[in-house]
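Enquirer: Sequence:
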Amino acid sequence: MTSPLSPVGITAVAALLIVTACASQSTSEATGWFGTHDGVPPKASKVYICHGFGCAYKTPVEYSRQDLARLRAILASGRASPDAERQAIARAVVWQERRVASTVGSQDDIGGFDIENAGVSGQMDCIDESTNTTSLLLIAQRHKMLRHHRVSAPVARGFFLDGRYPHATATITEKKTGTVYAVDSWVHENGKRPDIMPIERWLAEGDRWFQSS
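So the sequence shown is residues 44 to 256, counted in my numbering.
What the hints contain is simulated information worked out from the structure, not anything from laboratory work. Each hint should be verified, as a subset may be incorrect.
[To be verified] In silico EDC-like links for lysine to aspartate or glutamate, alpha-carbon gap of 20 Å or less: (1) Lys218 / Glu72; (2) Lys218 / Glu248; (3) Lys187 / Glu243; (4) Lys187 / Asp126.
[Stated by the list, open to error] Label-pair distances were calculated between CB atoms; the ranges are: (5) Asp126 / Ile158: 30 to 38 Å; (6) Gly75 / Arg244: 23 to 31 Å; (7) Ser145 / Glu72: 29 to 37 Å; (8) Glu232 / Gln109: 19 to 27 Å; (9) Pro84 / Ser164: 17 to 25 Å; (10) Thr146 / His186: 18 to 26 Å; (11) Gly154 / Arg113: 22 to 30 Å; (12) Thr79 / Gln184: 16 to 24 Å; (13) Arg134 / Lys219: 30 to 38 Å; (14) Arg108 / Gly162: 31 to 39 Å; (15) Lys89 / Arg193: 35 to 43 Å; (16) Asp126 / Glu248: 14 to 22 Å.
Beta carbons: idealized from backbone N, C-alpha and C, even for Gly.
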């Protein structure tokens, strides 16, 4: 007879399931991500904010005309160059996280590795964050708010053998050069600026919040 799992064992199994979900990323177009990660793609001006880890909860948020005007203004501030647009995209992610927080209950979302919050409404893992950022970017692209980039599919890095926590991020691709950039909001708490960097650098870097000394 198999012995029941101890609390530590249960936590370990839960952690394994979540990091496995973060490792199994789609290589398809951005819209294909939702079907393989239990998300709901944005519709018109409505996004479905994932939270609770692995899109356990999906809260619809309808962006008003005022919301879309604000988003357009944020992104228009970066139209001068690709670099400026990436900075504007970072500000847009901050805007969305703060905009939806009261509806979703995500104002206290913790950044980085927080396995103890798995299943907690309002807390987000890498799947939730990648999905939410991709939804925002698709809304912006649909409304022709992006000049220098197109939305590309989330990607993943890390596995236990190389000492890094499996992790996923939303991405954008610069139209002129084809360079892919990570737009990673999971590493920070709610409403903080996401990390934006070339995907090669993101794939190679260590997990600052989950390294042994």
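Enquirer: Each of the hints needs a verdict: does it hold here or not?
Expert: Structure-based check of each hint:
1. A C-alpha spacing of about 15 Å is found between Lys218 and Glu72, which places the hinted pair at or below 20 Å, so the restraint holds.
2. Restraint check for Lys218 and Glu248: the C-alpha separation of about 24 Å exceeds 20 Å, so the hint is violated.
3. The straight-line distance between the Cα atoms of Lys187 and Glu243 is roughly 27 Å, outside the 20 Å bound, and the hint therefore fails.
4. Annotation: proposed proximity of Lys187 to Asp126 holds, straight-line Cα distance about 18 Å (limit 20 Å).
5. The supplied range of 30 to 38 Å is met by Asp126 and Ile158, whose beta-carbon atoms lie about 35 Å from each other.
6. Hint check: Gly75 to Arg244, Cβ distance near 25 Å, so the stated range 23 to 31 Å holds.
7. As the Cβ distance of Ser145 to Glu72 is approximately 32 Å, the hint placing it in 29 to 37 Å holds.
8. In this structure, Glu232 and Gln109 meet the distance hint of 19 to 27 Å, their C-beta atoms being roughly 26 Å apart.
9. Remark: the range hint 17 to 25 Å for Pro84 to Ser164 is upheld by a beta-carbon distance near 21 Å.
10. Between Thr146 and His186 the C-beta distance comes to about 21 Å, which sits within the given range of 18 to 26 Å.
11. Taking 22 to 30 Å as the suggested C-beta distance range, the pair Gly154 and Arg113 conforms, at roughly 24 Å.
12. Between Thr79 and Gln184 the beta carbons are some 20 Å apart, a value that agrees with the proposed interval 16 to 24 Å.
13. A hinted range of 30 to 38 Å is violated for the C-beta pair Arg134 and Lys219, which are about 21 Å apart.
14. Between Arg108 and Gly162, the C-beta spacing of about 35 Å keeps the proposed range 31 to 39 Å intact.
15. Hint check: Lys89 to Arg193, Cβ distance near 21 Å, so the stated range 35 to 43 Å is violated.
16. Our hint of 14 to 22 Å for Asp126 and Glu248 holds, since their Cβ atoms are close to 20 Å apart.
The structure shown violates the earlier hints numbered 2, 3, 13 and 15.
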